[in-house]
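Assembly of the complex is requested from the two constituent chains, each provided in isolation within its own frame, with the hints serving as guidance.
Protein sequence lines correspond, in order, to chains Y and G. 492 is the number that the numbering used here gives to position 492 of the first sequence; each next residue is one higher, with no gaps. 15 is the number that the numbering used here gives to position 15 of the second sequence; each next residue is one higher, with no gaps.
Keep in mind that a hint or two might mislead.
[Said to hold, decoys possible] Within a straight-line C-alpha distance of at most 20 Å, the following computed EDC-like cross-link-like pairs (lysine to aspartate or glutamate) qualify:
#1 K160(G) to E286(Y)
#2 K160(G) to D321(Y)
#3 K208(Y) to D229(G)
#4 K372(Y) to E423(Y)
#5 K160(G) to D131(G)
#6 K316(Y) to E229(Y)
#7 K436(Y) to D35(G)
#8 K72(G) to E286(Y)
#9 K208(Y) to E48(G)
#10 K175(Y) to D488(Y)
#11 K556(Y) to E229(Y)
#12 K436(Y) to D47(G)
#13 K208(Y) to D35(G)
#14 K160(G) to D296(Y)
[Said to hold, decoys possible] Far from chain Y, some chain G residues (derived; all Cβ distances over 10 Å):
#15 I31
#16 L41
#17 Y125
#18 A178
#19 L186
#20 W329
Rather than coming from a laboratory, the hints here were simulated on the basis of the structure. Keep in mind that this is a model prediction, so the values were computed, not measured. Where is the CB? At the ideal position from N, CA and C, for every residue including glycine.
One-letter residues, chain by chain:
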Amino acid sequence: MLKRKSWLLLLTLLTMLCLLLTACGGAEEPAQEQPAAEQPAAEQPSGATYQAQTDKTLRISQSDAPNIDPGVGSDYSSCMAYVNLYDTLVYPTLEGEMAPMLATEWTTSDDGLEWTFTLREDVKFHDGTPLTASDVIFSFNRIMTMGEGFGFLFNNYVATVEAPDDYTVKITLTKAFAPFLTILSRLYVLNEDLVMANLADGAYGEMKDYGKAYLSDHDAGSGAYMVKEMRKQDRMIATAFGDYWGEFTANAPQTIEIVGGTQTATIRTLMTNAELEISDQWQTEEAYQALDQLPDVDMTEMFVGSVLYAMMNTTKAPMDDVHVRKAIAYMLDYEMIVTRLFPGCMVAKSPVPYGLPGYTEDIPQYEYNMEKAAEELAQSKYADTIGDYEINVAWISEVPDEEKIALLIQSVGEELGLNVVVEKTPWLTHVENVAKQDTTPCISLTFVTADYNEAGSQLFLRFHSSTTGTWQQTEWLNDATLDAMIEDALVTLDRDARFQKYAEIQQYVADLCPCINVFNQAEKHAYYNFVGWPAAEAAAAGEPVSLVMGYNYMFKDFSIN
Amino acid sequence: MDLLKFILKRLAQAIFVLFGLSIVIFVISRIVPGDPARMALGSRASDEAYAALRAEMHLEEPLARQYGYWIKGVFTGDLGNSITTKRAVSIDLRDFLPATLELVMMSAVFMVIFSILLGKVAARYRDKWPDALIRVLSYSGVAIPAFVMAILLLLLFGYKWEVIPVIGRLSSGFAAPARVTGMYVLDGILSGQIATAWNAFLHLLVPALALAAGGLFQEARIIRTAMTDNLTKDYINASKGYGVPNRLIMRKYLLKPSMIPAVSVMGLDIAALMANAFLVETIFTWPGISRYGMTAMLSKDLNAISAVILIFGMIFVLVNIAVDLIVAWLDPRIRLGGD
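Same shape as in the complex, but just chain G (with noise of 0.2 Å):
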């Protein structure tokens, strides 16, 4: 009841938030220096076209009401054309998001299990050479952007060594397979075509990998020093003395408490990934939402603009509360509201 109720809360705020943010994002991308309706048409169309298309966009009427239309249109599904693609905004989301969940799903599969892997490995021989080794590529991992990583492992894995595809969601000769969810590879798998989903699935690699990389030694340098310091905890060292083996100790005492400072950070860091996916998605031609965001900003593509940074926002507030929930789960002391 208590975690119901908590939920139910949380979603209550979560309504807050998004409606503060499309308010934002609605005056900003339209009080933005250009003319989306001349950059839709190009500079030779008729006048005519023009002033329908400034019509159909509501761009003659006073802001509050263009923000009435559209916030009509989202609980209505009806998020407007995209000047850019020229078809409605829900279909253009309904392509690219499941492109770039599947990305970002990846990268988290990534992040969680090579962190935990990573700082397991270096609070298990702290101070020792696989610790100074994972802290050097902590160190470069943060420090490197995510395009450039994108850029060296796009040159290594497809131009130097040519071992897996790189570029795209699929090789040329597979056709998509028969749509479910619009994640390629559980679609694949869904529909029996294994091929294509193995085919998605190599070309899922890198470019996850690229986008995962800077938050993955970030949380595992986390990791590894909460657990370094739980390891000097009274509860340890009496596990210890129990004769409980260090094996046993580092999975199933040390690990799970050591995770709560990652996993907030974790949290966040994935919620990020959407947004952040931009530069690597263009850097692999990935058909995804967050390039399809980028363009539109350029393109100043008013309804494609403030669907995507909704939608960002709805997973950011979603994965926040997932968060909360999963360190609950962790820490009994915060489910059960002790010290």
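Isolated chain Y, as found in the complex (with noise of 0.2 Å):
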């Protein structure tokens, strides 16, 4: 009997040991130390070949499936199926400059106001029809009732939409705004026919739900891929457009499939198996070191116009002292965070990201340094009482790795004497939060990317008091010589000048310090050295990329080789 026991308990140990095995997988490398925003060597290509390679088929995965209709939505997947379905009437270059697109010429008027296009007249939709200006009105118009995805960005500040004939489109402003030629590429034009045909009831009037039903599964674009098939909470898949007015490269995907899902075993096991080709940017540091083990496997690392910002809340005790905010900005080890916490970022010397036009380092620097973060925290009024305050720290349990900032904060802010707590917030309780002032926790991370391809947009982002209470803006400024400055700013018609108002504002706002700017984020991802990807070419290459979001993923101009 004894026997039989004593078997009994060795089985169950040797079973608990072999799942326990399984579970923890192989060793890990330790983690390679890397300057900023350098490349990773290329691998030697291992002869395979890869059923992409024959299908001509390209994979990408993102946080959800994406929601394909321009009007809604505004994340990354979206953004990201946008640029492939539909087209604009401009476009931005890698370079940073507004490329012609459906437009093939546009004049201004001296005052800013009257912008006129002419459009080509070669391009057809994806049921072959001709695209003429009453479809980039008729665009223009259901962007701005809806009210949602980008259509913030046209709401204040187009007046009219006119088509003098069938290819020239005359917008009138209400106001001048001189980035306006940069937003027009989130203007994704729409069949006019095609939705009108396809309307279901809805909330707005005559236009009923102005295409919203249909278009959540249907593209009605010019672009170069059109959508074969829509899988909810699955992927897009989409084919390229026989008919495209544009140019393919050589080898160009056939197929695209944009699959939503950032699991981590999820995605190890879909580049494993070849049947993904590039890996979403949400992955942890450690994922993507597995996954650049992989044969014929390369990482690539970008700056795309992303900053990770701690913002504090200037109206809660004790952020609301510029002091105490000072002092959290010079305890922390930037350099630190950007090698052995988020290899490849770089750090942040703006709120506004590296690369956009606009931007400038020459504004004063928050360098670690803790004998000046006590100097700081010593002539605040709470220096005394400094401990009594809670300073609660939110981070998004979304994005695993803000946890490291969180953490980072609240152990050297205990040797300041600083009361951190730190709080892991769902990105929607986070949302909620900082809607109001009382809720807005201490200090929020959150990475911020601008709307359009200008400094004006993150400032005006950041620090309007048009968008406090916004998960874009949780410092609640209020702040009018700032107001004033910005709009000022976004009035100047000459580029000069106006980059000129941008850098005094990041200058204003440094010495404010309502924010620190934790570091520029490498946005990251894994892809099999088959893919001629541009943006990915011009990064290794130090050159510079898209900081438009979506505008890396111009599928027509990627390679299966």
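So this is what it looks like as structure tokens:
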């Protein structure tokens, strides 16, 4: 009997051990420190041929399957879909210039209020019908009436849109808006006739639902790709449009898939099985290291205009004291963050993302200096009572790496006597919390990207009082001087003068210190090296990439070699 | 006639249960913090759009009236619009429910077949090594959460061995079959697209196994215990005395009464699979209603939350009725009203 029980115990222990070993997997190589923005060396091809090379299929993962209605979505996945399914009047090049797309040329009135665009005459929608000025007007009216997605970009500025003839569009603004051309990269032109033929009951009067139900599963675009199948909660599948007016590169993908889902185990399995060619940018460092070990998989890192901010609620004690804010800004070791915690990222020297036109580093910098931090704290009105205040730092649970920054603030803060509490917060709870001043955390860790390709976008988004109560600005600044500076810059038509004003705003913000610009995020992807990716190649060569969300993924310019 | 009365009585009770459930979930979803209109439109939407959506969702009206609008919609088939998918909830249910039903049905098949098989083997070889091995597996299977099991199986079948496809419902290159039920395996067979049906079946195996594992091993233990207990009953000894073969005793005289306690638990486990499937669906990128429901809850998508919970409640009630009928069939004493 004793022998049988011992045997059973041994068997149980062996089974548990096997399960533990399976879960733990192989030993990981220790993290290699890399200088910021250094591109990992590309591997030599293994010589294997993958199914994607034969089929000319390109699959990329994202946080969710995209929302393909261009009047509704504004997230990363959706923007990636829009730039391929739809065309715009102009689009941003990798160098940051606005290049012709549907519009071949344009003129502006001296006061900047009237913009006239001449359209191409050879563009067809995916159903074969020609694209005319009427479709552009319809697209404007739709996005502005619905007021969702990127509608906010136009509602503040566009008064009327007219079509003097079938291939001319005249836009009149309510007030001068110098970066107007750049925001046109967010007006995706829809097929008016197709949408109108597929209206369902809705809240827009005679426009019913404005085609929302139809466009959630179908596209009405003229872009290089057309939706073949929209599998909700799964993926969007699109195929190359044979009658596209533009050019595809040789060996451009014939089928593209944007796959929703970022579970690490899932992504690693898909890439190992060569069922995914490009990973998303939301994986952990450890996951990227593992993916980099796969044969024929390379890594790319590019700065795409995303900055991690530690936003400080300037209305809540003790963050309402500029000296406390500066003390916290001085106590973070930024170089350590970008070398050990987030290798490949770049210290942020401005609240404006690196490379965004109008960016400047010529402003006061907060570098790691505990002595200065202590000096600043000593000057604050909370010098003797700082420990009595709970400073809650909220990090977004969907971005696990943010916890590292939160814990760093906590551990270093202890040296200064700060009582820091770390709070893991689901994204939607965070959005809810920051809608009100009293529930906004003392410090919020959030990545923010510019809406359009100029510093004014980020400055407005981050610091204008009209954006308080949004996740993009949790400082609750309400600074009239800053508002006036931003508004004045945005109506300054002369580019040099406008950029000078942007620089002055960045100086002002640095002095005010409402937030800590932690780092410029290096967007990382693991991808198979048979994929020719212009933005990845530019990043590897140290050249600029597009800072407008989605435009590094114009798949007609990719190649499957 | 008695059976019909029994079914009608249970259905009548179910209506009250579902009514109560709808009130509870409706109220909870609306009092939990979070502005569904702002979450749907984003923080930069215009005030006009925000006001229009709130009006559309009747959010400015008293709770009781909101419930009235909603329950009226349920009876007319209008479940409102989802703020995450931007389309009618009824269309979402039409697309996602069959995916989960297909997954749950396969899990149920695994549960029934393997629990009976393992239970029989454990009872047949009780106190010997097969029984011990099955006991160890049972403890492990019950102790390991479904999502951990899912990741382990994903890594094993999809990463280490790469023997069958594990992500999504179909491999790239396969289009969904012509829709009849929304279940790809069945639709593929019905439309003659056998290759598609086979591919869909392969995709189904690992997620279904991950979902079934916990309940499967638990029921195997229950069957094993019940069979072991019944082995000592007089009627079994009498059967042996009459020379009835052991195999026949196990299959015909022992298994049926031993299934009764397991069937009750099995019914509850199968009904619970629908709700428990969300993590498995997330890991395997399975576009099912559980994952849809979880997204709806995280997005405070009120219409979707209410509809999903109602569906789960209906399924739970129907499965319980079915379990009662099966138990009555297994045990004549129950249907004849005996002791």
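List, from low to high, the hint numbers that the structure doesn't satisfy.
-> 2, 3, 4, 5, 6, 8, 13, 16
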